[in-house]
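Single-letter residue listing:
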Amino acid sequence: MRSAARVYRMTLSTRGYSLGQNAWSVEGHYTGALPGDIHDVRLDLADLCIPHFRRTVLRHTGQRISEDKIRVGWEREEPALAPSSDIRVEFREMTYRGKQTYARRLPAETLRYGNKYDPEADYDEAEDYEYEDEEYRSDEYQENGDELEE
Amino acid sequence: MRKRRTALNEESTLKIDKDCLVDEDWIQDYVRMAILICRLKDVRVVRMRKSLTRKGFHLYITIAPAVKAELANRLQFLLGDDCGRIDHNRARIRSGLQRWNILFERPNARLRAVYRSIDASSRTTE
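Line by line, the protein sequences are chains F and E. As numbered in my numbering, residues 1 to 150 make up the first sequence, in order. As numbered in my numbering, residues 1 to 126 make up the second sequence, in order.
Calculated from the structure, these hints are not laboratory results. No experiment lies behind these values; they were computed from the predicted model shown. Don't take every hint at face value.
Unchecked claim - With a straight-line cut-off of 25 Å between C-alpha atoms, the simulated DMTMM-like cross-links for lysine to aspartate or glutamate are:
#1 F/Lys99 to E/Asp82
#2 E/Lys55 to F/Glu75
#3 E/Lys55 to F/Glu78
#4 F/Lys69 to E/Asp19
#5 E/Lys18 to E/Asp29
#6 E/Lys41 to E/Asp82
Bound-form chain F, shown alone (with noise of 0.2 Å):
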C-alpha cells in the first residue's frame, strides 16, 4: 500500500568567509510533496539536493564545498494534498554585515524527484541563466539601507 504524502522542508546551507569580506552563507530551501517513509524519503532527498546545492553554489560564489561542510534541516512534515514529484528551490545567500544579516535573492529552479540528478545537464542551463532585474534590484536596497520599512 502507497503511504499518504507529506509536504517535506528541507535546508541545505554553508557558510564561509572571504578575505577583506564579511562572512556569508548560502541557504538552499527545498519542498517537495511526497509519499513514502520518512527516515528514507529525507535520505533520498538529501542524496538527490545535496549535489544540486554544492553546484549552485559554485556558481554563484566560485567555491567548492565539501559535503561535510553543508548542514542539512528539515522541518516538520505535514500532510500533503497531494504527490507531487516536483521539488521547489529556492536560495538565499545570507551575508553578515553591521551587525545584521542580509539576504539576497538567487534565482529560484524545480527539481524532479526520482531522476538522479545529472550536473552537467544543469551546467548547460547555468550558461543561459540570468537574474531577473527587478528581483535583482528589489535586494540591492536592503544592502544600501535606503527603504527598510518599520
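Add chain E to chain F, keeping to what the hints say.
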C-alpha cells in the same frame, strides 16, 4: 523608484526555539506571559504545543488572527526566540522568502499540548 516587495503569506503559527530545559511550572509561567504579550499586539493564543530537542525544546504557538510576517517575527523576538533565528528570519522576510520561519525538527518529533484556549475547544465542538 519604488521597489517591488513580494507579498508574504500571513502567519498563524509562531515558532520559538529554547535551548535549555526547564521545569513544568516555568513552562506554565511562560504560557501566561506569552498570552499577555500576544494580547499587547491584539493577537489571541489559540494553542501551544511543545517538542523536545537535543538542547532544549521548541514551542509552536497557534495564534488568531494570522499576522504579517514582520509582526510574527517581532512576536517571536518578544517571546524569547533564539537571536540568530530572529536575525536570519528578518533577512529572509525582507528578501521575500515565503518559507522564512524555519525550525528544524527530528523525524517523527512528537508535539505535546501545553495550552489550549477554552474558546478554541468550544469552537471545535460546535
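Numbers of unmet hints, in rising order: none
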